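Enquirer: In order, the protein sequence lines correspond to chains A and B. Okay, so the first sequence: first residue is 1 according to my numbering, each after it adds one. Okay, so the second sequence: first residue is 534 according to my numbering, each after it adds one.
Accuracy of the hints is not assured; some may be wrong.
Think about it this way: if two alpha-carbon atoms lie no more than 27 Å apart in a straight line, the pair counts; the simulated BS3-like pairs of lysine-lysine are [said to hold, decoys possible]:
| id | chain 1 | residue 1 | chain 2 | residue 2 |
| --- | --- | --- | --- | --- |
| 1 | A | K380 | B | K543 |
| 2 | A | K380 | B | K599 |
| 3 | B | K753 | B | K730 |
| 4 | B | K547 | A | K380 |
| 5 | B | K599 | B | K547 |
| 6 | B | K705 | B | K730 |
| 7 | A | K380 | B | K671 |
| 8 | B | K599 | A | K397 |
| 9 | A | K523 | A | K295 |
| 10 | B | K671 | A | K295 |
| 11 | A | K97 | B | K671 |
| 12 | B | K626 | A | K286 |
| 13 | A | K228 | A | K295 |
| 14 | A | K380 | B | K753 |
| 15 | A | K233 | A | K146 |
| 16 | B | K599 | A | K523 |
| 17 | A | K295 | B | K626 |
| 18 | B | K547 | B | K739 |
| 19 | B | K699 | B | K730 |
| 20 | B | K730 | B | K768 |
| 21 | A | K522 | A | K295 |
| 22 | A | K228 | A | K145 |
| 23 | B | K543 | A | K97 |
| 24 | A | K397 | B | K753 |
| 25 | B | K730 | B | K671 |
| 26 | B | K626 | B | K671 |
| 27 | B | K671 | A | K286 |
| 28 | B | K599 | A | K522 |
| 29 | A | K208 | A | K332 |
| 30 | A | K228 | A | K208 |
| 31 | B | K543 | B | K768 |
| 32 | A | K523 | B | K705 |
| 33 | A | K208 | A | K233 |
If you want the footprint, here are the derived chain B segments under chain A, 3+ residues with CB under 8 Å [stated by the list, open to error]:
| id | region |
| --- | --- |
| 34 | 580–590 |
| 35 | 610–619 |
| 36 | 624–630 |
| 37 | 641–653 |
| 38 | 659–672 |
FYI, nobody ran anything at the bench for these hints, they're computed from the structure. Remember, it's a predicted structure, so these values are computed and weren't measured experimentally. Heads up, the beta-carbon is just placed ideally off N, CA and C, and yes, glycines get one too.
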Amino acid sequence: MVKLLIKRQISELMWSLFYDTKKKKARAPGADIGFTILIAVLIIALVGGMVGIVARDLCGVLLGAGLDWLYFVILGSMSLLAGVLGGVFAAYTSLYKARDNDLLLSLPIPEHSIITARILTVYILTGLFSGLAILPALGIYWWQKKAGSGMIIGGLIFALCLSLLALALCALLGYGVALLAGKMKNKSLITVLLSLAGAGLYLAGYYKFNSMLESLLTDPAAFAGLEKLPGLKAFGLAGTGAGLPLLGLGLLTLLLLAMVLFVLVRSFRRLISASASVARVRYREKTIRSRSVQKALLIKELARFTTSPAYMLNCAMGSLFLLFLSGSILLKGGGLLSALEQEAEISISAGMLGALACAVLCGLAGSNDISAPSISLEGKNLWLLQSLPVEGWQVLKAKLGLHLLVTLPPLWLGALACALVIRPSVPELVFLFLLPTLAVLLYAAFGLMIGLLRPNLSWTNEIVPIKQSFSVFVAMMVSMAYGVLMGVLYLRLAKNLAPTVYLGIASLVTALLAGLILFWLKKRGSARLGELP
Amino acid sequence: MLRIEHLTKKYGEKVAVDDLSLHIAPGEIYGFIGHNGAGKTTTLKGVAGIQQFDAGEVYIDGLSLKTDPIGCKSRLAYIPDNPDLYDFMSGIKYLNFIGDVFRVEADRRQARIRELAARFELTDDLGQPISAYSHGMKQKLALISAFIHDPRLILLDEPFVGLDPKASHLLKSMMREHCDGGGAIFFSTHVLEVAEKLCDKVAIIKEGRLVRSGTMEAVKGDDSLEEVFLELEEK
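Make a model of the complete structure from these sequences and hints.
Expert: Given below as structure tokens:
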């Protein structure tokens, strides 16, 4: 039964990837598969490479001090955290917000089968994220130790345990959110605030971790005392492939997972009905104010966005990063500057800083992909927009508007913070605001175009179009890459090109690209919206 | 009011609607009946501007749906058989959204919402999110949203499904009131007794082709509509 349910979930995912809803037939997957593999390889190389660098430095120092277990405590914790962060946003939505929950519960399917199938799709994410963090670390360790097959198998079991532990924690957090959501009025807001608090804790922990890492690299022996903490050394030793600790970790993982599954199964039906029940408030008539069609459509988009924690948390993290960046720059501007100079090992002029700040702002804003899933999110409601007397272009403008509304204010705040610290010349100041603004317009338009070209309107769980769709994946990768490319290109050309000239050219190219896509959206995209099935 | 000329819609090789022509005049309630998959919903969606058709033309109040879709849509209201509304909005926000899109003035809108919500007994629930509505409540909300902007033509796909007897009775009277006021209604139904009592004209569709249409008397003669329908189905 579980196999059948997983097959159904995978077919939903595949449907969105390889089915052409317009032509009502499967599309040739060749190019898509190739592109997806290419991007996946790039991500694995990038993230794996970053973890690999940290692991290499740590491995050299800690193995030299005979603290192999500490190496795996640190890298194992990183992997666990990555796995939890990777799957936590999907856990609640996948388990409790799927549209077919009622249908499946009405069928003769045991609840534990439904839960297991749902949990396994979350496992794709936790496994991927935790694996990206621990596998390079294991590889470096094995290479340094010239590992035999026993150590390698032990390490792989360790990695498996970490991913399963991350899954259990994700599921537990999802359960916690569902418990709270059943009792709260402003569920979306509370869910987002709780998640943001979690993200804040993560960032604080990240800073702490970095400073700890520096001390560790200079004086590893000072951390040997950590072994007194109960279970910590055993956890680390499991990574080295040591039999008994590994067995203990394995049993603990299975026990925790079984307990979590037990709790989920016992509470599933109750929590689903709790999440559907809303305290009845009698309507009191208020004075109605009319709005323009465009404003009404924008407000509708805003309502869709603000009532979906999954949409906000997965597609608007860039705004949070930008706010965080603004705060950091305002608080530690000078310090950051010298750190940057130290890191880059070059002297950075004010003009260069302006150009680099633009690239950073563009890169961070690129992690907002609000417009990309917005067509798919119409789902079964699409008939409404198609039957109402509104132009397709008006609908698309509202979707673009939401992207800009959520991204531009924190972006401008970031630009202002940069300007206050860098003190650029007037032309640089203009570009500091202009180029990232144009880039956001480009990202919004590009995301919407991809969303129109590759919609998935038949989802049963909104996390599918939000997080697991081709369009979102491509939109975010391309947008972020555009920001990185802007910075890298500048560094390559800095010697021969004045910053303002470079920024001027970059603005022009960005404006041209945005203009082209907007033109396509207005002419072809609007018509395509009307033709969607 | 509504003129459908040689409407044809294909899904791949399958012809869902085949050269269908109909004319609905102001003041008429026009029933559209046929077995499951006969092409009723496809026709209604085509007229509503949701479904692209392969050949033919649709005119609403003399305007071509092909060349002036917005003008046509602003004159009509369409309610599908299973109205999936915006779950993330409350009932009142949804009605306001529809009011804004159809540019219904605030005072008029307020009065219409007050009146229609009271008639459908939905006033107390307008503040609730639509996700908390039952199927019948969603159907009532969709109907209120259809009547709120006083459309000339109302297209209804199986409008009585999910409605309680009281709301069903109310809808029938509202349909008649709308047509008495000069509007027109084109609706599909499987409930032949309702069609027989309510409709001025009726069209029977089979495998995408119109097999009979005209006034109720002309279509059924001395038989019941059910007998005529079953006889045509067996042919």
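Enquirer: Confirm or reject each hint.
Expert: Tested hints:
1. A:K380 x B:K543: holds (22 Å)
2. A:K380 x B:K599: This hinted pair holds, its Cα atoms lying about 24 Å apart.
3. B:K753 x B:K730: holds (12 Å)
4. B:K547 x A:K380: holds (24 Å)
5. B:K599 x B:K547: holds (23 Å)
6. B:K705 x B:K730: holds (10 Å)
7. A:K380 x B:K671: Satisfied, since the Cα-Cα distance of roughly 14 Å is no more than 27 Å.
8. B:K599 x A:K397: Holds, at about 23 Å.
9. A:K523 x A:K295: Cα-Cα ~21 Å, so holds.
10. B:K671 x A:K295: Measuring from Cα to Cα gives roughly 24 Å; hence the hint holds.
11. A:K97 x B:K671: holds (20 Å)
12. B:K626 x A:K286: holds (11 Å)
13. A:K228 x A:K295: Answer violated: K228 of chain A to K295 of chain A is near 62 Å, above 27 Å.
14. A:K380 x B:K753: This hinted pair is violated, its Cα atoms lying about 38 Å apart.
15. A:K233 x A:K146: holds (22 Å)
16. B:K599 x A:K523: holds (16 Å)
17. A:K295 x B:K626: The given pair, whose Cα atoms are some 13 Å apart, holds under the 27 Å limit.
18. B:K547 x B:K739: Holds: K547 of chain B and K739 of chain B sit about 14 Å apart, inside 27 Å.
19. B:K699 x B:K730: With a Cα-Cα distance of about 17 Å, the restraint between K699 of chain B and K730 of chain B holds, given a limit of 27 Å.
20. B:K730 x B:K768: Roughly 25 Å separates the two Cα atoms, so the pair holds.
21. A:K522 x A:K295: holds (18 Å)
22. A:K228 x A:K145: Distance of about 25 Å is within 27 Å: holds.
23. B:K543 x A:K97: Violated, at roughly 36 Å.
24. A:K397 x B:K753: violated (51 Å)
25. B:K730 x B:K671: holds (26 Å)
26. B:K626 x B:K671: holds (13 Å)
27. B:K671 x A:K286: holds (22 Å)
28. B:K599 x A:K522: holds (18 Å)
29. A:K208 x A:K332: holds (16 Å)
30. A:K228 x A:K208: holds (21 Å)
31. B:K543 x B:K768: holds (23 Å)
32. A:K523 x B:K705: Violated, at about 42 Å.
33. A:K208 x A:K233: It holds: about 21 Å lies between the C-alpha atoms, which stays within 27 Å.
34. 580–590: holds (count 4)
35. 610–619: holds (count 5)
36. 624–630: As far as the region 624–630 of chain B goes, the hint holds, because 5 residues have Cβ atoms under 8 Å from chain A.
37. 641–653: holds (count 4)
38. 659–672: holds (count 6)
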